[in-house]
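Engineer: Listed below are the residues making up each chain.
Protein chains: 2
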Amino acid sequence: MSDLKKEIISIAQDARKASFGMGQLSSAVKDKALTAMADSLEKDRAAICAANKKDVKAARSRKLSAAFIDRLTLDDKRIKSMAAGLRTVASLRDPIGEVIKMWTRPNGLWIGKLRVPLGVVGIIYESRPNVTADCIGLCLKAGNSVILRGGSESINSNIAIFDVMSDAAREAGIPDGAISLIKTTDRKAVHILLGLSELVDLIIPRGGESLIKEVARRSKIPVLKHYKGVCHVYVDEDADLNMAERICFNAKVQRPSVCNAMETLLVNEDVAARFLPSMIRKYKEAGVEVRGCAMTRRIVKGLKAAVEKDWSAEYLGLILSVRVVKNLHEAVDHINRYSTKLSDAIVTENYHNAVEFLKRIDSASVYVNASTRFTDGAEFGFGAEIGISTDKFHARGPVGVEELTSYKYIIYGNGQIRE
Amino acid sequence: MSDLKKEIISIAQDARKASFGMGQLSSAVKDKALTAMADSLEKDRAAICAANKKDVKAARSRKLSAAFIDRLTLDDKRIKSMAAGLRTVASLRDPIGEVIKMWTRPNGLWIGKLRVPLGVVGIIYESRPNVTADCIGLCLKAGNSVILRGGSESINSNIAIFDVMSDAAREAGIPDGAISLIKTTDRKAVHILLGLSELVDLIIPRGGESLIKEVARRSKIPVLKHYKGVCHVYVDEDADLNMAERICFNAKVQRPSVCNAMETLLVNEDVAARFLPSMIRKYKEAGVEVRGCAMTRRIVKGLKAAVEKDWSAEYLGLILSVRVVKNLHEAVDHINRYSTKLSDAIVTENYHNAVEFLKRIDSASVYVNASTRFTDGAEFGFGAEIGISTDKFHARGPVGVEELTSYKYIIYGNGQIRE
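Residue numbers (this note's numbering), protein chains in the order written: chain E, 1 to 419; chain G, 1 to 419.
These are computed hints drawn from the structure, not numbers from a lab. Any given hint could be a false lead.
[To be verified] In silico lysine-lysine, DSSO-like type, Cα no more than 30 Å apart, as pairs:
| hint | chain 1 | residue 1 | chain 2 | residue 2 |
| --- | --- | --- | --- | --- |
| 1 | G | 359 | E | 213 |
| 2 | G | 309 | E | 213 |
| 3 | E | 309 | G | 6 |
| 4 | G | 113 | E | 359 |
| 5 | E | 113 | G | 17 |
| 6 | G | 225 | E | 228 |
| 7 | G | 5 | E | 213 |
| 8 | G | 225 | E | 5 |
| 9 | E | 183 | G | 228 |
| 10 | G | 220 | E | 309 |
| 11 | E | 220 | G | 359 |
| 12 | E | 6 | G | 5 |
| 13 | E | 80 | E | 57 |
| 14 | E | 228 | G | 6 |
| 15 | E | 225 | G | 43 |
| 16 | E | 113 | G | 213 |
| 17 | E | 213 | G | 43 |
| 18 | G | 43 | G | 183 |
| 19 | G | 220 | G | 188 |
| 20 | G | 309 | E | 6 |
| 21 | E | 220 | G | 32 |
| 22 | G | 188 | G | 5 |
| 23 | E | 359 | G | 43 |
| 24 | G | 359 | E | 32 |
| 25 | E | 17 | G | 220 |
| 26 | G | 309 | E | 359 |
| 27 | E | 326 | G | 17 |
| 28 | E | 6 | G | 220 |
| 29 | E | 225 | E | 6 |
| 30 | G | 359 | E | 359 |
| 31 | E | 5 | G | 5 |
| 32 | E | 220 | G | 6 |
| 33 | G | 326 | E | 220 |
| 34 | G | 17 | E | 17 |
| 35 | E | 80 | G | 326 |
| 36 | G | 43 | E | 220 |
| 37 | G | 183 | E | 17 |
[Unchecked claim] Derived contacts from chain E toward chain G, CB cut-off under 7 Å, selection only:
| hint | residue |
| --- | --- |
| 38 | 2 |
| 39 | 5 |
| 40 | 6 |
This structure is a prediction, so every number in the text was calculated from the model and none was measured. We put the CB at the ideal spot given by N, CA and C, even for glycine.
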């Protein structure tokens, strides 16, 4: 066995061992640790920024993109925001120990469904160093051990953040081995980790589609996936068109680079001629490139044509495809076909169309009269999120502390045997 | 693309397409279909038994074991039991459409967590033809499309059961393609199915450990696994020894061939000398071979020694390993090390030990003063089960109708946009 394999297995074994203790920690100890970690991040921010400078310098010399370097860069404000995130997680209700339900059987057995930690969670992420702090916080709150593996471009930042946080955690009484970071940048380390299905209960990849696909393909451990977001707003024939304009503008323009931003606007043919000219004018003023179906281009001249591949494109920028549809039915069919099932919305004043849309759209978050941009753990009131699942298995939509748990049955008897 | 691959993809595409309709079916239609399927099974039982005779004859000529042939064989009583199972599922509450919780955000968004079907479930099972009926019933109730792939030894029985049930389902208004059986016995069909992660949401293997491992290894789709059951009863120093004897006898002897039967008995050293002699006498009278630790063999002479591999053995028969432990702590450590985390029990009158055991044992079902044998969907009040999960992800313990569902968020707004 290679030294690397021994090292990764040893990290996972320590995490597994620590997970038994983690599941028994009181909320007080966990919240004290979260607060202490937040304090330490702020106190040691100069050291963290110094380590980050090395990463940024290396990224610059490798001529990585400005957007990449922006995501990589830490400053006082971003470190304070990481600390604030940890304090928010500390303030959340502890999900562990909750009895989700409890019932009595005819034979007198009293059965409870008790929320418990998942055990050991592995997080594989790209080069946003704040993910290190977020993931440690959420996993700790849910009573899980966590094994982190960040991108090589942020390795110095990750190590600095991890060292500060794990020291604070240890002093607060968190078991050794419960929080670990794979410090080698050798890609083989990830491949080894993904094979340890006896020691790790869940893998969460955070990053671009190719990272997620690669992790899902290789993993022998369950993976919580977050694929791309192709989100829709459908403007119904009974929409309040002023409200529709505000929602459609917000869903596309407020932050176009994120997964819950709208990529395709669907408009009912009865209102298209009234709605689209002023809407598209607003988009153009905001710098949005609009690509339209044939009908859209008849209503607003001079638009680029939307082609088949536009309907499944995640632009993540100021581009929007627009399609005029006959009715709700056609809108639902379009969405269920092209949506990545993350976040889709209808704007309507019509009761029946609202209910029909909520029922028929097969997406993690389905909205009536609100922007798709609200699909987010903080906006849902989860306090924080570790990602947004586009899977249907285990967790769907924003993944907060509660979604990082499992359950077990506790059964109180007084001598029952099976006949 | 091979013809087989085309065929399997076409089955999965039809299942996916039908799943949209399945999720919208009313409880009345689903329950009518379940009842109609039960009636048809009973009405056509002669034809089913005739098909089954071919399978049994082939199995005999291949000299398969008596136990195998017993599991394979259908008769009027077993068909009636399959029909009764379907009627039980019809009588269960429909999980689909339940709003699990609903809350309002400060901005007025009203967010509901709505239970919806998973979508398409694939079931890969060995040669128990009753599984065909059970799985169709549970998946239908949960609004899922189901793709069945049974063992080649029961292929004639499976086709006969499937044909009768799918005819009844169609007449009752279940969409075409929602229930399908892969009729070829070519193993490649399974390999193809396990790769269709875009079309199938969940795979459940039902059968021996090698089948489950093979499916888990190959699948690109989430798998709900049910590994072997190494279950424990711990007799505490404060146990009611009469109750302990009844529970320990039941857990081992009542049906030793199943996964929730006890394989290892742990006894506190303070009561071992009082408890073990009469307990082991009772086991011997019932034909149980007892293998003891050194201390057990000092208390009861003439026993075979338990060796290291006994502690992780799933005997599935009349063999039991017995270990004397110093205290609750040692019992918990033994169980958390060797248990397959399916079903473990303590017998005690002591409040603190009971609570400690419930908290510290990391198993799907943890009992105080009851037999491990109750870990079962019907015994838990789920009506029926499709298996018992030893995973922590998505579903743990008995998997009933509710565990075959997912959820989506439905959000009611009145024009909210993100600032």
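Engineer: Hey, residue 183 of chain E versus residue 228 of chain G, does the alpha-carbon distance stay inside 30 Å?
Structural biologist: violated (36 Å)
Engineer: Measure nothing beyond the straight line between the CA atoms of residue 80 of chain E and residue 326 of chain G; if it is 30 Å or shorter, mark the hint as holding.
Structural biologist: Not satisfied, since the Cα-Cα distance of roughly 51 Å exceeds 30 Å.
Engineer: Quick one, are residue 5 of chain E and residue 5 of chain G close enough, alpha carbons at most 30 Å?
Structural biologist: violated (37 Å)
Engineer: For the pair supplied as a hint, residue 17 of chain G and residue 17 of chain E, is the alpha-carbon distance within the 30 Å limit?
Structural biologist: The given pair, whose Cα atoms are some 45 Å apart, is violated under the 30 Å limit.
Engineer: Measure nothing beyond the straight line between the CA atoms of residue 225 of chain E and residue 43 of chain G; if it is 30 Å or shorter, mark the hint as holding.
Structural biologist: violated (46 Å)
Engineer: Verify the proposed pairing of residue 220 of chain E with residue 32 of chain G, using a straight-line Cα cut of 30 Å.
Structural biologist: Distance ~40 Å between residue 220 of chain E and residue 32 of chain G Cα, so the pair is violated.
Engineer: Under the criterion that the straight-line Cα-Cα distance not exceed 30 Å, is the pair residue 326 of chain E, residue 17 of chain G satisfied?
Structural biologist: holds (22 Å)
Engineer: Given residue 6 of chain E was flagged as interface, is its beta-carbon under 7 Å from a beta-carbon of chain G?
Structural biologist: violated (21 Å)
Engineer: Residue 309 of chain G and residue 213 of chain E: Cα distance at most 30 Å?
Structural biologist: Roughly 39 Å between the alpha carbons, so the hint for residue 309 of chain G and residue 213 of chain E is violated.
Engineer: If you draw a straight line from the CA of residue 188 of chain G to the CA of residue 5 of chain G, is it 30 Å or shorter?
Structural biologist: Given pair residue 188 of chain G, residue 5 of chain G holds - Cα atoms ~9 Å apart, limit 30 Å.
Engineer: Against the 30 Å threshold, does the CA-CA distance of residue 113 of chain E and residue 17 of chain G hold or violate the hint?
Structural biologist: violated (34 Å)
Engineer: Taking only the CA atoms, is the gap from residue 220 of chain E to residue 359 of chain G under or equal to 30 Å?
Structural biologist: With Cα atoms ~29 Å apart, residue 220 of chain E and residue 359 of chain G stay inside 30 Å; holds.
In terms of the numbered hints stated before, the structure departs from hints 1, 2, 5, 9, 12, 15, 17, 21, 23, 26, 30, 31, 33, 34, 35, 36, 37, 38, 39, 40, listed from lowest to highest.
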